[in-house]
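What follows is each chain in one-letter form.
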Amino acid sequence: MNERQSINQDAQTMLRRAHMEGIDTVWERLAAQQPQCGYCLMGVSCRNCSMGPCRVDPFGEGPQKGVCGADADTIVARNLGRTIAAGAAAHSDHGRDILEVFLETAKGETSGYEIKDEAKLRALAATFGLEDGNRPIAEVATDLAEAMLEDYGSRKDQVGFVEIAPEVRRTLWDNLGITPRGIDRETVEMMHRTHMGVDNDYVNILLHGLRTSLSDGWGGSMIATELSDVMFGTPQPIMSTVNLGTLKADSVNIALHGHNPLLSDVIVQAAKDPELIALAEAMGAAGINLVGLCCTGNELLMRKGVPMAGNHLIQELVIMTGALEAMVVDYQCIMPSVTDVAKCFHTRVISTADKAKFPGATHISFDPHRGLEIGKQIIRTAIEAYAERVPERVLIPGEPVPMMAGFSVEAILGALGGTPEPLVEAIKAGQIRGAVGVVGCNNPKIPQDKGHVTLTQRLIENDILVVVTGCAAVANGKAGHMVPEAADLAGTGLGAVCRALGIPPVLHMGSCVDNSRILVLAAALANYLGVDISDLPLAGAAPEWYSEKAVSIGTYVVASGIYTVLGVQPPIFGSEHVVNLLAEGLEGVVGATFGIEPDPEKAAVMIRRHIEKKRRALGLPFIDPETIDVPAAVGAGA
Amino acid sequence: MKTVFVDPLQCIGCRQCMFACAVEHSRSKEPFLAIFEDPPPKPRIHVEIGPYQGISFPNKCRHCSPAPCQQVCPTGAISRDGEIVLIDIDKCIACAMCAMVCPFDTITFHTQANAAPPRVVATKCDGCIDRVRHGMEPACVEACKVGALVYGELNDIIKEGRSRQAILAANASAGEAAREKDPLEDWRAWGKEVAQVVGGV
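For the protein sequence lines, the chains are A and B, in the order given.
Residues in the first sequence are numbered from -4 upward in steps of one, following the numbering used here.
Residues in the second sequence are numbered from 22 upward in steps of one, following the numbering used here.
Be aware that a few hints might be false.
Cut-off 30 Å, straight-line C-alpha distance, at most; resulting in silico cross-link-like pairs (DSSO-like, lysine-lysine) [said to hold, decoys possible]:
hint : chain 1 : residue 1 : chain 2 : residue 2
1    : B       : Lys213    : B       : Lys202
2    : A       : Lys338    : A       : Lys151
3    : A       : Lys445    : A       : Lys597
4    : B       : Lys180    : A       : Lys440
5    : A       : Lys243    : A       : Lys371
6    : B       : Lys166    : A       : Lys60
7    : A       : Lys352    : A       : Lys440
8    : B       : Lys202    : A       : Lys60
9    : A       : Lys243    : A       : Lys267
10   : B       : Lys23     : B       : Lys202
11   : B       : Lys166    : A       : Lys440
12   : A       : Lys115    : A       : Lys102
13   : B       : Lys50     : B       : Lys213
14   : B       : Lys166    : B       : Lys180
15   : B       : Lys166    : A       : Lys338
16   : A       : Lys111    : A       : Lys371
17   : A       : Lys371    : A       : Lys352
18   : B       : Lys213    : A       : Lys445
19   : B       : Lys180    : B       : Lys112
20   : A       : Lys102    : A       : Lys151
21   : A       : Lys597    : B       : Lys166
22   : A       : Lys352    : B       : Lys166
23   : A       : Lys60     : B       : Lys50
24   : A       : Lys243    : A       : Lys352
25   : A       : Lys597    : A       : Lys608
Quick caveat, the hints were computed from the structure, so don't treat them as lab data.
Keep in mind the model is a prediction, meaning the values are calculated, not measured.
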């Protein structure tokens, strides 16, 4: 039974404890929801106005139109548009929070923050067309912050980072009228368009969906990523460890969970405070052990080597180790259930963002002016909780797995000797067939990490370089795919390249806002070759996605020209027209489409065929896509 | 005798039972595939609205014994298998005699893919006979998240109701409310008032 919930030993051990102690987890709650609302699964229910709520009967017997007259196409497109807007809003608001602290830091008004990467700051300023002239760094930072704040508004024709996209792609966006103008603007306009009686044309709504997602990928997310690099350091390859074994039985364990590195970065500083370490020792602990969860974990892992406890579906299970003193949360993907599970143990859940409160949690409001002070207060709270730990209940499953993280675009280019040329040459020669971003969440509808790990394994053994972010990165770390020795798991071509460069075949590019790094890398490769992104042998995959943010990511990746395969069905199947547009029609619009395939073995085949087609079109040596199929042994077993 | 017991006061009108029923009677039994089947599968349970907001009734074949539909079917297409009244669609001539005598108006006529040849035939609840034989609840019951559809031994379900009545009777003698609090009471009162405003009741 536990194998159907997670492929990982650490999760399975905790699930046995959950079962024995009668603690409900996400899997029980999913089972209790079965069957889930069919109208909502198909995307044909609408709650947008009070003439409704309405639903269209996909079996044709009941109503085919909502009260307003919207048919399934309109309703599905409106719902999808709002989902994209919510995802873009989440990433972009995260970006704005970073940006505001960045501006205050430039003005010297914060505590615990500094400009760590001046070179990157000056490069970003240049992208935004700001005169550098060797002005003081604080001045450049202030100007850049002001320019980025303008990106959020509606006073520009396009957001600043669009400049780094290949010219041919920018022209395509202009011609379609989907160049993102302002980050908040596109989301607001989507909410407007999907109000009753505004945009009723599903094609027109979905085109604006592309634009809204682009305002995330090339806007809000990119600002979040790039400014985090400036303030906390641009990631470089770093070794760390992953899974629940990263918790230490003899230490005060603190999990940092959520997405925004603003607070967690200062907590890492605070945890080094000799007074706090002494306090922990006075309580009988060996020290303070910080671990990451989800994307806050990824941010800390790739910059500071903080060990990673796990991804999305581990968040309830980590509490059940009985060894966690505090779970510090900021926002996004934090299940409201964590405070319920925490009631069964001594764990304190500490919420920190005023926009994300959790009934049952202790709220310690984050304030960048007193960052370090608040960080210390949080650590102190965790140390106090250590006194309440019940040693007999501590159950830390297994040993942590080593993983290498920190492959920012700068780090990848650094590993290649400062230019994409060696990578391009390896792709041209066929040593590496192409590159795929395996990204996105966990979803209890798929055994935890099975989609990520199986797909990645199939891709690397067929000489496809894989870059990962978010939960997919953590999944591959646990599977042992992310150490240089994993070159042995790759095909001969990719393996040889990895061994020559000393890198794993699966590169950790960061958190989910860091999918913007994949755009930057794809743009750099396209610009280097003088082609469009859609010409490159690239693909994306979100085998276990669950969140609105993932919908926005998938959409901006496709709108940027990269074919993307989803492992969980999006709520669009109530409209055949919308399905056809996304799965086929978009090819003629943005040069890329969505594929949908729950079986990672088959998804791997779809991606490999796509990559060989792109190679053929570029005049590179290719394998006939029609000869690629699911390996016989796998097919027989399935 | 096992049956699907309906509590209309619990029904919130979500129509999940209809959706689940259609999927259960599709060829694929998968929601994402079922909606693309031709002819589309049809539900055999129907949620009909009551006189005002907050009142709806999930209506399905009650598998009567003796079953009027079975008694009048001129081709002998309707038979009984234990507790379930079944239609043999190959014998059905779509004369609608069964529908005319059905006390609950639960028999509808739709094209069914597995009729030979595919044509319009009488369509009604088959008690999810396959699911039940595999130890599962009928699909509509599984889909109902509010307790409006309950599956079990008829007398056991009725006994549960009797037990509640006993508690209420005891409460009443203690001077407390003599009937169960309806969690949707305010919602239904609102619906009633709206219906009066629009002159509907």
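A quick look at each hint next to the structure:
1. B:Lys213 / B:Lys202: Measuring from Cα to Cα gives roughly 17 Å; hence the hint holds.
2. A:Lys338 / A:Lys151: Violated. Lysine 338 of chain A to lysine 151 of chain A sits at ~49 Å, over the 30 Å cutoff.
3. A:Lys445 / A:Lys597: Distance of about 13 Å is within 30 Å: holds.
4. B:Lys180 / A:Lys440: violated, 38 Å
5. A:Lys243 / A:Lys371: Answer holds: lysine 243 of chain A to lysine 371 of chain A is near 20 Å, not above 30 Å.
6. B:Lys166 / A:Lys60: holds, 26 Å
7. A:Lys352 / A:Lys440: Roughly 27 Å separates the two Cα atoms, so the pair holds.
8. B:Lys202 / A:Lys60: The given pair, whose Cα atoms are some 36 Å apart, is violated under the 30 Å limit.
9. A:Lys243 / A:Lys267: holds, 17 Å
10. B:Lys23 / B:Lys202: The given pair, whose Cα atoms are some 28 Å apart, holds under the 30 Å limit.
11. B:Lys166 / A:Lys440: holds, 19 Å
12. A:Lys115 / A:Lys102: holds, 18 Å
13. B:Lys50 / B:Lys213: At roughly 39 Å apart (the allowed maximum being 30 Å), lysine 213 of chain B and lysine 50 of chain B break the hint.
14. B:Lys166 / B:Lys180: holds, 22 Å
15. B:Lys166 / A:Lys338: holds, 27 Å
16. A:Lys111 / A:Lys371: Holds: lysine 111 of chain A and lysine 371 of chain A sit about 22 Å apart, inside 30 Å.
17. A:Lys371 / A:Lys352: holds, 20 Å
18. B:Lys213 / A:Lys445: Roughly 52 Å between the alpha carbons, so the hint for lysine 213 of chain B and lysine 445 of chain A is violated.
19. B:Lys180 / B:Lys112: violated, 40 Å
20. A:Lys102 / A:Lys151: Holds, because 25 Å separates the two Cα atoms, which is no more than 30 Å.
21. A:Lys597 / B:Lys166: Since the Cα atoms of lysine 597 of chain A and lysine 166 of chain B sit roughly 35 Å apart, the hinted pair is violated (cutoff 30 Å).
22. A:Lys352 / B:Lys166: Given pair lysine 352 of chain A, lysine 166 of chain B holds - Cα atoms ~28 Å apart, limit 30 Å.
23. A:Lys60 / B:Lys50: Holds: lysine 60 of chain A and lysine 50 of chain B sit about 25 Å apart, inside 30 Å.
24. A:Lys243 / A:Lys352: Holds, at roughly 28 Å.
25. A:Lys597 / A:Lys608: Satisfied, since the Cα-Cα distance of roughly 17 Å is no more than 30 Å.
Violated hints, in rising order: 2, 4, 8, 13, 18, 19, 21; the structure is consistent with all others.
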